[in-house]
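For reference, the chains in residue letters:
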Amino acid sequence: MPAKASRDSVRGLVDSLLEGDKRSAGKLISLIEDDEPEAVEAVTRIFPHTGRAHVVGLTGPPGVGKSSLINRLVRAFRSRGKTVGVVAVDPTSPYTGGAVLGDRIRMADTGADPGVFIRSMATRGHAGGLALATFDAVRVLDAMGSDLVFVETVGAGQSEVEIASRAHTTVVVEMPLTGDVVQTMKAGILEIGDVYVVNKVDLGNEDVLVANLKFQLETRDGWTPPIIRTAALEGRGIDDLAAAIEKHASYLDQSGGRRKREVARARLEILENVQRLLVRRVSEGSRSGRAFDKLAEDVAARRLDPHAAARKLLGSGPTTAR
Amino acid sequence: MRDEDERKVLEKELKRWEETTLREALASHPERRKEFMTTSSRPVKRLYTPLDLARKAGGERLGEPGEFPFTRGIHPTMYRGRLWTMRMFAGYGSAEDTNRRFKYLISHGETGLSVAFDMPTLYGYDTDEPEAKGEFGTCGVAVSSPDDMKVLFRGIDVGGVSTSMTINSPASAIWAMYLVMAEDRGVPWTKLRGTIQNDILKEYQAQKEWIYPPEPSMRLVVDTFEFGSKQVPGWNTISISGYHIREAGATAAQELAFTLANGMEYVRWGIDRGLKVDEFAPRLSFFFNAHNDLFEELAKYRAARRIWAREMRDTFGAKKPRSWLLRFHTQTAGVSLTAQQPEINIVRTTIQALAAVLGGTQSLHTNAYDEAYQVPNEKAARIALRTQQILAHESGVANTADPFGGSYFLEALTDELEEDAYRYFDRIGDLGGVIPAIRKGFFQQEIANSAYRYQREVEDKDRTIVGVNDFVVDEQTEVEPLRVTEASFKAQVDRLRKLRRTRDAKKHAQALDRLRKACEADDNTMPFILEAVRAKATLGEICDVMREVFGVWEEPLLY
Amino acid sequence: MLIAKPGLDGHDRGAKVVARALRDAGMEVIYTGLRQTPEDIVEAAIQEDVDAIGLSSLSGAHMTLFPEVVRLLKKRRSGDIVVVAGGIIPEEDVPKLKRAGIKAVFGPGTPLSVIVSFFEKAGKGA
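Those protein sequence lines, which keep their order, are chains A, H and B.
Taken in order, the first sequence gives residues 27 to 348; the numbers are from the numbering used here.
Taken in order, the second sequence gives residues 30 to 588; the numbers are from the numbering used here.
Taken in order, the third sequence gives residues 307 to 432; the numbers are from the numbering used here.
No wet-lab data here; the hints were simulated from the structure.
Cβ coordinates follow ideal geometry from the N, Cα and C atoms, glycine included.
Mixed in with the good hints, there may be bad ones.
[What the hints assert, rightly or not] Listed below are the simulated PhoX-like cross-link pairs for lysine-lysine, each with C-alpha atoms no more than 20 Å apart in a straight line:
(1) A:Lys-48 x B:Lys-380
(2) B:Lys-402 x H:Lys-162
(3) H:Lys-519 x H:Lys-179
(4) H:Lys-348 x H:Lys-259
(5) B:Lys-381 x A:Lys-48
[As the list claims (entries may be wrong)] Covered, in the sense of this in silico footprint (three residues per stretch, anywhere, with C-beta under 8 Å from a C-beta of chain B), are these stretches of chain A:
(6) 46–56
(7) 119–127
(8) 302–309
Put together the whole structure using the sequences plus the hints.
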């Protein structure tokens, strides 16, 4: 692995990236994904060039048709003259550590289109339906010049929450259940979507679900999430969905919502990075690591309470009980 | 059928044997493995007895050959009346190359023809199209035009010999070319006998030679049923196949179940079209694999006949006994043949062919020993044919119908496979039927899972493959190569170009236009395809019209 | 790792089994599906930045399609991606394929363990 990164310098890769070079994009994403030493430099160099792409996150239960929808959406936006990136996430097997990244294959016909870049990613143990490097990969594609970047989650766990806090437009995909089943949706799903899609309407049965959604979805900040019916494999409803995404994008621009989301996202990301840095700092066999070990011993021996220990770790000095 | 008392006596007897003779033997000589299983990983007991025959009481289980439910065979006299057709799958290079091979095989005693087409043809591309690059003639013969079909059958009496063509998505077009070829020679269609594979459902499940989506493809298939039943009555317009499903990794039970489920789906579509089941059912034929495990395969064929007869008579209400018959062609399992020590493939093929013959097949292809290397060279193909001839004339198995009928093991296995098949029918039904199940990737997933499990068994040495994971020798194999020549390619492309130059352009354009309109409407496409062929349209041109109207299928991907 | 089926050949049993075996050995695998052109395959390899590509063909078109993949990779400055082949490939063609840049040819009967360990080495940059 180390052999690869040093052959091209990070700076060189970023320079070509900014000119739209796909090979550089691929290499940079790997660098970041593998957490190579040059990853930090890479992100620093790329970051100023991001912020142009409109990021659309797709979430929804497994099997609901997210990949097929993205495939169709990519084509729809290409025919509108946009360049598109896709980051598709699949789960890493907890037993073997390996993964079969099966989303690309559903987008086979768009893979060789020069205006499309598709990258598959494994979660690599990260809980929550996304990979750690997902949004850095999005940034790489953003810097490369993509007008839109789609992010597809695994659909399990808390992936919808992760994505909603990071994407500009969150698309929630559901499909009607067959038979006499009362369809329940995951808690919280009704709060995070900007656009709701009921897919596989070719199976019939969707009216109840659509009615339910209409009834429960509320207007937030002046935006009422539309409900779009689609049959992705047949290509039905795709233009409506593309239009809804575009509409939401302009709504964000006009209402100042985009800026708000960016700030909210930045806050989240900074905090996450703090946590990650902190965890790393205390787990290395360093002085901080040993100090942390001592704190843990003290707490276990009831010499210190855990909250005090945390404050001490952050350097706010010794404390008295709260 | 045994009554309670006899059962008790037998059970007692069996127990006694287990507790005395068997126990003693096991004590000094344990068995070689903990569990024994068939090629499909089905557990096999150490002994089968009359108790196993009594699994299902009543009903028609066995019957006589030639009578419902045909478990013992579809003809009363079976091979005493007529041997199975020795039909060797052949094709490579250009039409000239394959015509030569046909004549070679006929001269050596084959009794039916079977055509293998190359990849571009199978996918509806002409030899000189970009998609065909590098694929000309490597796994079959290239047929892009009616002129190719003429050359392919030059000097062969198509009115006297039956021809099977392994073609699926473009089947109607290829069949049309054959029909026009016969027409040009003055052979009436009523005299023609043969088969087109034309089984699109298994393409989505296993062989993957699809072009258009399921619904328009099914329409094309039913068009051939309708047309054939009226105009070419001696032709089997479909060969509902399990061979490929098995080759892709399925177990024997899956091969049986998926094939028959597909078969029933075709019957439904025919009936929905308005055809009377007795009009088209007699011309439905089947195609099964003959794999390694002799008794499991035997059981599979017998279960297939019994299930089909019952479904046709009782579920679909067919009245003619001919509609209840499951007639089938068999091919020995290509996937079981090895590249290592290829000569021993002759032994494998022999055992597999034996299974097919004991199982009452109507027609048989035996693989050549160089299967893992290439399409067969002449000598290898000849040995394969001789294998059938030895079975027919030297082994004695053709002397009586269903020789193993009544075997406790065989009847128990037959019943088991039948039960497995019905369980699969239920699952497919729960998924909404064959086509919805295809869309959900059900068959593909089942097959991939079986394939993976099989390979793991080989890797773990749970399953021995002689020469591959045991009894290995380190030797270089000498296999006489068969190459497709540049000259063949050139001959084919020249013929194609000449055809395009010399045909009546106006007639050609009109015929394709009429074909397009027929595809868009509800008409039976066959007469329009025939017109296009007569106007010298190429395969690629006909398929392109259909691609435009019907669209192209996108696989739902799982693995 | 990328497992690809170039050309029209639809026999995907082996490709799928290998993809699963690589996953079970802890690797991240992308299977391209059927009917891929050499361009499709190379594009995917570059975007996914794979360590190795496994090409599978059972219909005899390997001599045209496989070297083309290697050629396109080099053209796109990605010649460091290891390319291996499997399927029905006559002994005679193996040296030709190797000269064209295919690192290994896995014929019928090759144990999965051999294939897996080759990919593992490729993943470590060997």
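Straight-line alpha-carbon gap B:Lys-402 to H:Lys-162, limit 20 Å
holds, 19 Å
Against the 20 Å threshold, does the CA-CA distance of H:Lys-348 and H:Lys-259 hold or violate the hint?
holds, 19 Å
Please count how many residues of the segment 119–127 of chain A have a CB within 8 Å of a CB from chain B and say whether that reaches 3.
holds (count 7)
For the segment 46–56 of chain A, do at least 3 residues have a Cβ located nearer than 8 Å to some Cβ of chain B?
That given contact holds, which follows from 7 residues of the segment 46–56 of chain A lying within Cβ reach (below 8 Å) of chain B.
Given as covered by chain B, does the segment 302–309 of chain A meet the bar of three residues or more with CB within less than 8 Å?
violated (count 0)
Pairwise hint evaluation, B:Lys-380 against A:Lys-48, where the allowed Cα distance is 20 Å at most
holds, 15 Å
For the pair we were handed, H:Lys-519 and H:Lys-179, check the Cα-Cα distance against 20 Å.
Holds, because 18 Å separates the two Cα atoms, which is no more than 20 Å.
Does B:Lys-381 pair with A:Lys-48 here, judged by a C-alpha cut-off of 20 Å?
Holds, because 13 Å separates the two Cα atoms, which is no more than 20 Å.
The structure does not agree with numbered hint 8 stated previously, though it agrees with all others.
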